[in-house]
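Novice: The sequence shown begins at 29 in this note's numbering and counts up by one.
For the record, the hints were derived by calculation from the structure and aren't laboratory data.
Treat the hints with caution; some may be incorrect.
Here are the simulated distance ranges between beta carbons [stated by the list, open to error]:
{"id": "1", "residue 1": "A237", "residue 2": "N205", "range": "32 to 40 Å"}
{"id": "2", "residue 1": "N205", "residue 2": "E70", "range": "47 to 55 Å"}
{"id": "3", "residue 1": "P56", "residue 2": "A237", "range": "46 to 54 Å"}
{"id": "4", "residue 1": "P47", "residue 2": "N205", "range": "37 to 45 Å"}
{"id": "5", "residue 1": "A141", "residue 2": "Q260", "range": "42 to 50 Å"}
{"id": "6", "residue 1": "P137", "residue 2": "M377", "range": "38 to 46 Å"}
{"id": "7", "residue 1": "E170", "residue 2": "V100", "range": "31 to 39 Å"}
{"id": "8", "residue 1": "G255", "residue 2": "E70", "range": "32 to 40 Å"}
Glycine included, every Cβ here is placed at the ideal spot set by N, Cα and C.
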Amino acid sequence: MIWRLSLLFVTSALFAAEPSRPFFGARPGALEKAKLAVTTDEAAGKALKKLIADADKALAVTPPSVMQKTKVPPSGDKHDYMSIAPYFWPNPATKDGLPYVRKDGKVNPESRAEAANDTLRARLVGTTVETLALGYYFTRDEKYAEHAAKVLRTWFLDPATKMTPHFRFAQAIPGVNDGRGTGLIEARALADAADAAILLVGSRHWSAADQQALLAWGEVYFEWLLGSKNGQDERAAKNNHGTWYDVQAVKWALVLGRKDKAKEICVAAGHGRIGVQIQPDGKQPLELVRTASFSYSCFNLRALSVLAGLGEHAGVDLWKYRSADGRSLVVALDFLVPYLGKNPKPWTMQQIHESNDDDVLPVLRAAALATGDARYESLLKEYSDHRSKRLQLLAPR
(Lines of atoms letter the chains of each structure in order from A; the text may use other names.)
(Lines give C-alpha, C1' and ligand atoms only; values in the text may rest on other atoms or scores of the structure.)
Protein backbone atom coordinates (compact mmCIF):
# COMPACT_ATOMS: atom_id res chain seq x y z
CA MET A 29 0.00 0.00 0.00
CA ILE A 30 1.11 3.57 -0.71
CA TRP A 31 1.24 4.65 2.89
CA ARG A 32 3.44 1.71 3.83
CA LEU A 33 6.11 3.06 1.53
CA SER A 34 6.27 6.02 3.86
CA LEU A 35 7.63 3.74 6.57
CA LEU A 36 10.98 3.85 4.79
CA PHE A 37 11.08 7.61 5.28
CA VAL A 38 10.03 7.89 8.89
CA THR A 39 11.09 4.81 10.87
CA SER A 40 14.30 6.46 12.06
CA ALA A 41 12.57 9.81 12.52
CA LEU A 42 9.87 8.51 14.84
CA PHE A 43 12.16 8.51 17.84
CA ALA A 44 14.12 11.66 16.98
CA ALA A 45 14.06 14.60 19.35
CA GLU A 46 11.12 16.95 19.00
CA PRO A 47 11.74 20.70 18.58
CA SER A 48 12.07 22.77 21.74
CA ARG A 49 8.90 24.67 20.86
CA PRO A 50 5.92 23.95 18.57
CA PHE A 51 5.96 24.59 14.84
CA PHE A 52 3.29 27.27 14.65
CA GLY A 53 2.45 26.51 11.03
CA ALA A 54 0.62 23.40 12.24
CA ARG A 55 -2.09 22.80 14.81
CA PRO A 56 -0.79 22.03 18.32
CA GLY A 57 0.41 18.42 18.39
CA ALA A 58 -0.30 17.92 14.69
CA LEU A 59 3.19 17.01 13.52
CA GLU A 60 3.71 14.45 16.26
CA LYS A 61 0.36 12.90 15.36
CA ALA A 62 1.12 12.97 11.64
CA LYS A 63 4.55 11.41 12.15
CA LEU A 64 2.85 8.36 13.62
CA ALA A 65 -0.04 8.38 11.16
CA VAL A 66 2.05 8.24 7.98
CA THR A 67 2.85 4.58 8.60
CA THR A 68 -0.77 3.51 8.98
CA ASP A 69 -3.05 6.11 7.39
CA GLU A 70 -3.38 6.29 3.61
CA ALA A 71 -4.18 10.01 3.47
CA ALA A 72 -1.19 10.91 5.63
CA GLY A 73 1.04 8.56 3.67
CA LYS A 74 0.09 10.19 0.39
CA ALA A 75 0.66 13.61 1.89
CA LEU A 76 4.13 12.59 3.05
CA LYS A 77 4.99 11.18 -0.35
CA LYS A 78 3.99 14.51 -1.93
CA LEU A 79 5.97 16.43 0.71
CA ILE A 80 9.11 14.42 -0.02
CA ALA A 81 8.68 15.04 -3.75
CA ASP A 82 8.31 18.76 -3.05
CA ALA A 83 11.36 18.75 -0.79
CA ASP A 84 13.44 17.02 -3.46
CA LYS A 85 12.48 19.76 -5.92
CA ALA A 86 13.30 22.42 -3.34
CA LEU A 87 16.87 21.13 -3.18
CA ALA A 88 17.40 22.66 -6.62
CA VAL A 89 16.37 26.17 -5.51
CA THR A 90 19.20 28.68 -5.55
CA PRO A 91 19.09 30.46 -2.17
CA PRO A 92 17.33 33.78 -2.81
CA SER A 93 18.88 37.08 -1.75
CA VAL A 94 17.85 40.71 -1.92
CA MET A 95 21.25 41.31 -3.50
CA GLN A 96 20.13 39.47 -6.65
CA LYS A 97 18.18 42.47 -7.93
CA THR A 98 19.96 44.91 -10.22
CA LYS A 99 18.05 48.06 -9.33
CA VAL A 100 18.91 49.88 -6.13
CA PRO A 101 16.34 51.00 -3.50
CA PRO A 102 15.96 54.73 -2.74
CA SER A 103 18.26 54.25 0.26
CA GLY A 104 21.12 53.29 -2.02
CA ASP A 105 21.48 49.97 -0.18
CA LYS A 106 20.59 46.78 -2.08
CA HIS A 107 20.26 44.96 1.24
CA ASP A 108 16.92 46.77 1.62
CA TYR A 109 13.87 44.93 0.33
CA MET A 110 12.04 46.68 -2.51
CA SER A 111 9.06 46.08 -4.80
CA ILE A 112 6.55 47.89 -7.00
CA ALA A 113 2.81 47.84 -6.24
CA PRO A 114 1.35 45.07 -8.43
CA TYR A 115 -1.94 46.73 -9.36
CA PHE A 116 -0.44 50.06 -10.44
CA TRP A 117 0.37 50.87 -14.07
CA PRO A 118 1.98 53.72 -16.03
CA ASN A 119 -0.35 56.68 -16.38
CA PRO A 120 -1.57 56.93 -20.00
CA ALA A 121 -2.41 60.61 -19.50
CA THR A 122 1.16 61.76 -18.83
CA LYS A 123 4.31 61.68 -20.95
CA ASP A 124 6.46 60.06 -18.29
CA GLY A 125 3.73 57.69 -17.10
CA LEU A 126 3.75 59.23 -13.62
CA PRO A 127 2.08 58.98 -11.25
CA TYR A 128 1.15 55.33 -11.75
CA VAL A 129 -2.60 54.59 -11.66
CA ARG A 130 -4.48 51.70 -10.06
CA LYS A 131 -6.09 48.85 -12.01
CA ASP A 132 -7.43 46.54 -9.32
CA GLY A 133 -6.80 42.87 -9.95
CA LYS A 134 -4.59 43.43 -13.00
CA VAL A 135 -0.97 42.65 -12.21
CA ASN A 136 1.58 44.90 -13.85
CA PRO A 137 4.40 42.63 -15.13
CA GLU A 138 6.83 45.32 -14.01
CA SER A 139 5.98 44.37 -10.41
CA ARG A 140 7.20 40.83 -11.01
CA ALA A 141 10.42 41.72 -12.81
CA GLU A 142 13.17 40.32 -10.62
CA ALA A 143 15.57 43.13 -11.52
CA ALA A 144 13.55 45.58 -9.41
CA ASN A 145 11.42 43.42 -7.12
CA ASP A 146 12.23 41.11 -4.23
CA THR A 147 8.62 39.90 -4.08
CA LEU A 148 9.04 36.45 -5.59
CA ARG A 149 12.34 35.91 -3.80
CA ALA A 150 10.76 36.51 -0.39
CA ARG A 151 7.90 34.18 -1.25
CA LEU A 152 10.40 31.53 -2.34
CA VAL A 153 12.29 31.79 0.94
CA GLY A 154 9.13 30.93 2.87
CA THR A 155 7.95 28.04 0.72
CA THR A 156 11.41 26.55 0.29
CA VAL A 157 12.44 26.64 3.95
CA GLU A 158 9.10 25.32 5.18
CA THR A 159 9.09 22.46 2.67
CA LEU A 160 12.68 21.46 3.39
CA ALA A 161 12.30 21.79 7.15
CA LEU A 162 9.20 19.61 7.13
CA GLY A 163 11.03 17.14 4.91
CA TYR A 164 13.82 16.99 7.46
CA TYR A 165 11.41 16.66 10.38
CA PHE A 166 9.68 13.64 8.87
CA THR A 167 12.75 11.87 7.43
CA ARG A 168 15.80 13.18 9.32
CA ASP A 169 17.56 13.29 5.96
CA GLU A 170 20.33 15.86 6.42
CA LYS A 171 20.24 16.98 2.79
CA TYR A 172 16.97 18.80 3.49
CA ALA A 173 18.29 20.51 6.61
CA GLU A 174 21.51 21.48 4.88
CA HIS A 175 19.75 23.28 2.04
CA ALA A 176 17.17 24.88 4.33
CA ALA A 177 20.03 26.26 6.42
CA LYS A 178 21.69 27.69 3.31
CA VAL A 179 18.48 29.49 2.35
CA LEU A 180 18.02 30.86 5.87
CA ARG A 181 21.60 32.06 6.17
CA THR A 182 21.56 33.68 2.74
CA TRP A 183 18.40 35.70 3.39
CA PHE A 184 18.72 36.48 7.10
CA LEU A 185 22.28 36.03 8.35
CA ASP A 186 25.14 36.29 5.84
CA PRO A 187 26.50 39.88 5.90
CA ALA A 188 27.08 39.80 2.15
CA THR A 189 23.57 38.70 1.18
CA LYS A 190 21.16 39.31 4.07
CA MET A 191 18.11 41.53 4.02
CA THR A 192 17.91 44.57 6.27
CA PRO A 193 15.06 43.86 8.75
CA HIS A 194 12.45 46.30 7.42
CA PHE A 195 9.99 46.64 4.52
CA ARG A 196 10.25 50.40 4.08
CA PHE A 197 10.40 50.19 0.26
CA ALA A 198 7.78 47.50 -0.37
CA GLN A 199 5.03 48.03 -2.95
CA ALA A 200 6.13 51.51 -3.98
CA ILE A 201 3.86 53.45 -6.35
CA PRO A 202 6.10 55.21 -8.89
CA GLY A 203 5.48 58.92 -8.84
CA VAL A 204 3.66 58.70 -5.49
CA ASN A 205 5.86 57.09 -2.82
CA ASP A 206 8.91 54.91 -2.19
CA GLY A 207 6.93 52.25 -0.33
CA ARG A 208 3.82 51.79 1.79
CA GLY A 209 2.26 49.67 4.49
CA THR A 210 0.38 47.59 1.93
CA GLY A 211 3.70 46.06 0.96
CA LEU A 212 3.91 44.23 4.27
CA ILE A 213 1.64 41.54 2.86
CA GLU A 214 4.71 40.40 0.94
CA ALA A 215 6.59 39.78 4.20
CA ARG A 216 4.39 37.04 5.59
CA ALA A 217 6.48 34.28 4.01
CA LEU A 218 9.51 35.38 6.02
CA ALA A 219 7.66 34.68 9.26
CA ASP A 220 6.88 31.21 7.88
CA ALA A 221 10.58 30.61 7.22
CA ALA A 222 11.61 31.77 10.68
CA ASP A 223 8.95 29.55 12.22
CA ALA A 224 10.03 26.50 10.22
CA ALA A 225 13.66 26.88 11.29
CA ILE A 226 12.77 25.27 14.63
CA LEU A 227 12.20 22.00 12.77
CA LEU A 228 15.91 21.90 11.96
CA VAL A 229 16.73 21.25 15.62
CA GLY A 230 19.14 18.34 15.90
CA SER A 231 20.69 18.89 12.50
CA ARG A 232 24.42 19.41 12.31
CA HIS A 233 23.74 22.03 9.64
CA TRP A 234 21.75 24.43 11.86
CA SER A 235 23.37 25.32 15.15
CA ALA A 236 22.05 26.98 18.28
CA ALA A 237 24.08 30.03 17.27
CA ASP A 238 22.34 30.08 13.89
CA GLN A 239 18.96 29.94 15.60
CA GLN A 240 19.85 32.76 17.98
CA ALA A 241 21.11 34.93 15.12
CA LEU A 242 17.84 34.37 13.27
CA LEU A 243 15.86 35.36 16.35
CA ALA A 244 18.00 38.48 16.74
CA TRP A 245 17.09 39.47 13.18
CA GLY A 246 13.46 38.76 13.99
CA GLU A 247 13.52 40.95 17.10
CA VAL A 248 14.64 43.97 15.06
CA TYR A 249 12.09 43.29 12.33
CA PHE A 250 9.28 42.72 14.83
CA GLU A 251 9.90 46.05 16.53
CA TRP A 252 9.87 47.75 13.12
CA LEU A 253 6.65 45.91 12.22
CA LEU A 254 4.92 47.16 15.36
CA GLY A 255 6.33 50.66 15.54
CA SER A 256 6.94 51.96 12.01
CA LYS A 257 4.46 54.09 10.08
CA ASN A 258 4.18 51.40 7.41
CA GLY A 259 3.45 48.80 10.06
CA GLN A 260 0.86 50.97 11.76
CA ASP A 261 -0.80 51.76 8.41
CA GLU A 262 -1.10 48.07 7.58
CA ARG A 263 -2.39 47.20 11.04
CA ALA A 264 -5.12 49.83 10.51
CA ALA A 265 -6.25 48.27 7.21
CA LYS A 266 -9.80 46.92 7.53
CA ASN A 267 -9.62 44.29 4.77
CA ASN A 268 -7.41 41.25 4.13
CA HIS A 269 -4.28 43.37 4.50
CA GLY A 270 -5.09 43.99 8.16
CA THR A 271 -5.78 40.29 8.69
CA TRP A 272 -2.52 39.19 7.12
CA TYR A 273 -0.72 41.82 9.20
CA ASP A 274 -2.15 40.18 12.32
CA VAL A 275 -1.10 36.74 11.06
CA GLN A 276 2.45 37.93 10.52
CA ALA A 277 2.63 39.80 13.83
CA VAL A 278 1.24 36.88 15.83
CA LYS A 279 3.57 34.38 14.20
CA TRP A 280 6.62 36.52 14.87
CA ALA A 281 5.46 37.08 18.45
CA LEU A 282 5.16 33.33 18.98
CA VAL A 283 8.50 32.60 17.31
CA LEU A 284 10.17 35.19 19.53
CA GLY A 285 8.57 33.77 22.68
CA ARG A 286 6.24 36.73 23.22
CA LYS A 287 3.09 34.74 23.80
CA ASP A 288 1.37 37.55 25.69
CA LYS A 289 1.66 39.83 22.65
CA ALA A 290 0.39 37.07 20.38
CA LYS A 291 -2.59 36.54 22.68
CA GLU A 292 -3.32 40.27 22.80
CA ILE A 293 -3.48 40.49 19.00
CA CYS A 294 -5.64 37.37 18.69
CA VAL A 295 -8.11 38.54 21.32
CA ALA A 296 -8.44 41.90 19.58
CA ALA A 297 -9.01 40.15 16.24
CA GLY A 298 -12.36 38.80 17.42
CA HIS A 299 -14.08 42.16 17.42
CA GLY A 300 -11.51 44.02 15.31
CA ARG A 301 -11.30 41.61 12.37
CA ILE A 302 -14.14 39.06 12.44
CA GLY A 303 -16.62 41.56 13.87
CA VAL A 304 -15.69 44.19 11.29
CA GLN A 305 -15.00 42.19 8.13
CA ILE A 306 -17.83 39.66 8.22
CA GLN A 307 -21.52 40.49 8.03
CA PRO A 308 -24.17 38.45 9.87
CA ASP A 309 -25.02 36.70 6.58
CA GLY A 310 -21.36 35.71 6.06
CA LYS A 311 -20.49 38.19 3.33
CA GLN A 312 -17.17 40.01 3.48
CA PRO A 313 -18.07 43.38 1.95
CA LEU A 314 -14.53 44.75 1.79
CA GLU A 315 -13.51 41.76 -0.32
CA LEU A 316 -16.70 41.68 -2.41
CA VAL A 317 -15.97 45.16 -3.78
CA ARG A 318 -12.79 43.85 -5.41
CA THR A 319 -12.60 42.91 -9.08
CA ALA A 320 -11.77 39.35 -8.01
CA SER A 321 -14.39 39.15 -5.28
CA PHE A 322 -14.52 35.36 -4.92
CA SER A 323 -10.74 35.05 -4.78
CA TYR A 324 -10.42 37.78 -2.19
CA SER A 325 -13.27 36.39 -0.08
CA CYS A 326 -11.41 33.08 0.05
CA PHE A 327 -8.07 34.83 0.61
CA ASN A 328 -9.26 36.78 3.63
CA LEU A 329 -11.09 33.80 5.10
CA ARG A 330 -7.88 31.83 4.72
CA ALA A 331 -6.05 34.56 6.63
CA LEU A 332 -8.64 34.51 9.40
CA SER A 333 -8.39 30.73 9.60
CA VAL A 334 -4.58 30.88 9.81
CA LEU A 335 -4.94 33.50 12.54
CA ALA A 336 -7.33 31.19 14.39
CA GLY A 337 -4.78 28.39 14.10
CA LEU A 338 -2.10 30.61 15.58
CA GLY A 339 -4.59 31.59 18.25
CA GLU A 340 -4.68 27.98 19.41
CA HIS A 341 -0.99 28.30 20.28
CA ALA A 342 -1.69 31.58 22.09
CA GLY A 343 -4.65 30.25 24.08
CA VAL A 344 -7.38 32.02 22.07
CA ASP A 345 -10.22 30.20 20.25
CA LEU A 346 -11.30 32.46 17.39
CA TRP A 347 -13.51 29.75 15.91
CA LYS A 348 -15.80 30.28 18.89
CA TYR A 349 -15.97 34.04 18.45
CA ARG A 350 -19.47 35.19 17.57
CA SER A 351 -20.66 38.78 17.75
CA ALA A 352 -24.03 39.69 19.23
CA ASP A 353 -25.50 39.89 15.73
CA GLY A 354 -23.96 36.60 14.55
CA ARG A 355 -20.70 37.48 12.81
CA SER A 356 -18.26 34.56 12.89
CA LEU A 357 -15.78 32.51 10.90
CA VAL A 358 -18.40 29.81 10.48
CA VAL A 359 -20.97 32.07 8.82
CA ALA A 360 -18.28 33.43 6.48
CA LEU A 361 -17.39 29.89 5.43
CA ASP A 362 -21.03 28.88 5.10
CA PHE A 363 -21.59 31.81 2.75
CA LEU A 364 -18.91 30.40 0.43
CA VAL A 365 -19.83 26.70 0.75
CA PRO A 366 -22.44 26.70 -2.08
CA TYR A 367 -19.74 27.92 -4.47
CA LEU A 368 -17.32 25.11 -3.61
CA GLY A 369 -16.98 21.43 -4.47
CA LYS A 370 -17.80 19.40 -7.57
CA ASN A 371 -21.00 21.21 -8.47
CA PRO A 372 -20.64 24.80 -7.31
CA LYS A 373 -23.23 27.47 -7.86
CA PRO A 374 -22.15 30.18 -10.33
CA TRP A 375 -20.52 33.15 -8.64
CA THR A 376 -22.55 36.17 -9.74
CA MET A 377 -20.31 38.94 -8.42
CA GLN A 378 -17.27 40.34 -10.18
CA GLN A 379 -14.39 37.91 -10.74
CA ILE A 380 -12.18 39.14 -13.58
CA HIS A 381 -9.87 36.14 -13.69
CA GLU A 382 -10.19 32.40 -13.19
CA SER A 383 -10.13 31.34 -9.57
CA ASN A 384 -9.38 28.14 -7.71
CA ASP A 385 -10.31 26.90 -4.28
CA ASP A 386 -6.82 26.36 -2.87
CA ASP A 387 -7.15 29.10 -0.25
CA VAL A 388 -10.33 27.68 1.21
CA LEU A 389 -9.44 23.97 1.38
CA PRO A 390 -7.39 24.29 4.59
CA VAL A 391 -10.26 26.33 6.02
CA LEU A 392 -12.61 23.39 5.47
CA ARG A 393 -10.33 21.10 7.47
CA ALA A 394 -9.85 23.71 10.20
CA ALA A 395 -13.60 24.22 10.44
CA ALA A 396 -14.24 20.48 10.58
CA LEU A 397 -11.79 20.10 13.45
CA ALA A 398 -12.96 23.20 15.29
CA THR A 399 -16.70 22.63 15.03
CA GLY A 400 -17.07 18.89 14.56
CA ASP A 401 -19.42 19.59 11.64
CA ALA A 402 -19.05 16.72 9.15
CA ARG A 403 -20.25 18.88 6.24
CA TYR A 404 -16.87 20.53 5.90
CA GLU A 405 -14.87 17.30 5.76
CA SER A 406 -17.37 15.85 3.28
CA LEU A 407 -16.97 18.89 1.05
CA LEU A 408 -13.19 18.64 1.29
CA LYS A 409 -13.38 15.06 0.05
CA GLU A 410 -15.03 16.26 -3.16
CA TYR A 411 -11.63 17.52 -4.26
CA SER A 412 -9.75 14.69 -5.92
CA ASP A 413 -6.30 15.70 -4.69
CA HIS A 414 -7.25 16.57 -1.14
CA ARG A 415 -5.42 13.58 0.29
CA SER A 416 -2.07 14.76 -1.00
CA LYS A 417 -2.55 18.27 0.36
CA ARG A 418 -0.09 19.19 3.07
CA LEU A 419 -2.98 19.89 5.40
CA GLN A 420 -3.09 16.14 6.07
CA LEU A 421 0.20 16.64 7.92
CA LEU A 422 -0.35 20.11 9.36
CA ALA A 423 -3.95 19.57 10.47
CA PRO A 424 -4.62 15.81 10.54
CA ARG A 425 -8.02 14.51 11.55
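Novice: Determine for every hint whether it applies to the structure shown.
Specialist: Results of checking the hints against the structure:
Our hint of 32 to 40 Å for A237 and N205 holds, since their Cβ atoms are close to 38 Å apart. Distance hint check: the CB atoms of N205 and E70 are about 52 Å apart, consistent with the given range 47 to 55 Å. In this structure the supplied range 46 to 54 Å is violated for P56 paired with A237, their Cβ-Cβ distance being about 28 Å. Take P47 and N205: their Cβ atoms lie about 40 Å apart, and the range 37 to 45 Å holds.
Checked against the hint of 42 to 50 Å, the pair A141 and Q260 fails, with Cβ atoms roughly 29 Å apart. Against the hinted window of 38 to 46 Å, the Cβ-Cβ separation of P137 and M377 comes to about 27 Å, which falls outside the hint. A hinted range of 31 to 39 Å holds for the C-beta pair E170 and V100, which are about 38 Å apart. Against the hinted window of 32 to 40 Å, the Cβ-Cβ separation of G255 and E70 comes to about 49 Å, which falls outside the hint.
Consistency note: the structure conflicts with the earlier hints numbered 3, 5, 6, 8.
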